[in-house]
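Colleague: Single-letter residue listing:
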Amino acid sequence: MVNRRTLLAAAAATGFAGCGAGKAPGSRTPAPPAATATPPAATATATATPAAGADAELLLPLIELKARAVAIYGGRPGLERLRAHERVHLARLLDAAPGRPFHYRVNTPPIELELEQLAAQLAVLPRLADPRLRTLIAGMYATDSEHLAVLRRGAGREAVPRAFVTGGT
Amino acid sequence: MTAPVLTRRRALVAVASAPLLLVAAPVLAADISADAAVVTELLRAELLLQKSYEACSSGPRRVSRIARRFWAHEVQHTAALAQALEALGAPGVPPPRDLPVLSRHSPRGRLRYLLALEETTLATMHAALGELSDDKLLQTTATILGCQAQHLVVLREALGRQPLPAALDAGRR
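For the protein sequence lines, the chains are X and A, in the order given.
Every letter in the first sequence is one number past the one before it in our numbering, and letter 28, counting from 1, is 28.
Offset between the second sequence (1-based) and our numbering: plus 1000.
Treat the hints as calculated values from the structure; they're not laboratory data.
Just so you know, not all the hints are guaranteed correct.
Below, simulated SDA-like cross-link-like pairs (lysine to any residue); rule was C-alpha separation at most 20 Å, straight line [as the list claims (entries may be wrong)]:
1. A:K1136 x X:G168
2. A:K1136 x X:V124
3. A:K1136 x X:P126
4. A:K1136 x X:L58
5. A:K1051 x A:G1130
6. A:K1136 x X:P131
7. A:K1051 x X:D55
8. A:K1051 x A:P1095
9. A:K1136 x X:F164
10. A:K1136 x X:L122
11. A:K1136 x X:A129
12. A:K1051 x X:P110
13. A:K1136 x X:R162
14. A:K1051 x A:S1033
15. A:K1051 x A:L1099
16. A:K1051 x X:R162
17. A:K1136 x X:T166
18. A:K1051 x A:I1032
19. A:K1051 x A:D1098
20. A:K1136 x X:D55
21. A:K1136 x X:D130
22. A:K1136 x X:A119
23. A:K1136 x X:A123
24. A:K1136 x X:T135
25. A:K1136 x X:R132
26. A:K1136 x X:E80
27. A:K1136 x X:A163
28. A:K1136 x X:P110
Quick look at which bits of chain X chain A covers, simulated, 3 or more residues with Cβ under 8 Å [claimed, not checked]:
29. 57-66
30. 71-78
31. 115-126
32. 129-143
On the chain A side, residues computed to face chain X include the following (Cβ under 8 Å) [to be verified]:
33. L1115
34. E1119
35. D1135
36. Q1139
37. I1144
38. L1152
39. A1166
40. D1169
Cβ atoms here follow ideal geometry from the backbone N, Cα and C, with glycine treated the same way.
Based on the sequences and whatever the hints tell you, model everything.
Modeller: See the structure below:
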């Protein structure tokens, strides 16, 4: 079990993400493909009002993806700024949905990871009742779109290939 | 095709739900009207961007190369938003008139102008995602917001600035 504080601290540990699947953050020994974490509300620094039940449930897939992003970027030199952004996103989501168990894997290439996050955020956005949560997700959507542009450019690809960013491609 | 039979149960359900419909109708109309106001604002911002990229699509190659690519995106954005506005039954938005004379600006000045405009547009879209009520409009706006954010990366890099300045990019008014 990993709590919010240890999860965020684990992002500072480098090396594990590059090992791919089967490694949980904070662990140097082989672990099952999925790690389970229960972030306790007591450790959270409240910067957002916790979401109502239905909204909080909707945030869980995003929390899982953000936790995965923090872990993956932690193992890749040159992506420190992206990791720092993802840590902020994760912290804000955990503040909004405290005490929810989640699991994640550490085995996705960065471009695919950002696409997956964008697709998940786009799916959740219209289902959130709280407008403050929608603007929080909007800020993440903008930043993750920027991450995608930077990663694409780094891979020698067109930074902005389409007029609509859906996360699908 | 046969007409539905009006049974006693159906009649009672219809009568019972009538007051709910009467209450719901103005609320829905208000939502549509509010959405139309938000989309009008978005379209106005996008039309200004489109016009600005068009104005920068000739001239120094450093700017025109970017402007031509992004102008094509803005054309798609304005078309999508104009279509949404029409579907909401709202009047169209005229193209912007008061555009700065960009030919007087240096390439760097043009890039700075475009960057500022993109940041303002991103802020408008960011706010809109907290205000819109229609699911499809929310998603369309988000996909456009993502593209504007990516434009910002290219413009910041062209100006030698940090391409990823914030963890939660909400643009700048």
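Colleague: Could you work out which earlier hints the structure fails to respect and list their numbers in ascending sequence?
Modeller: 5, 7, 12, 14, 18, 26, 28, 29, 30, 33, 34
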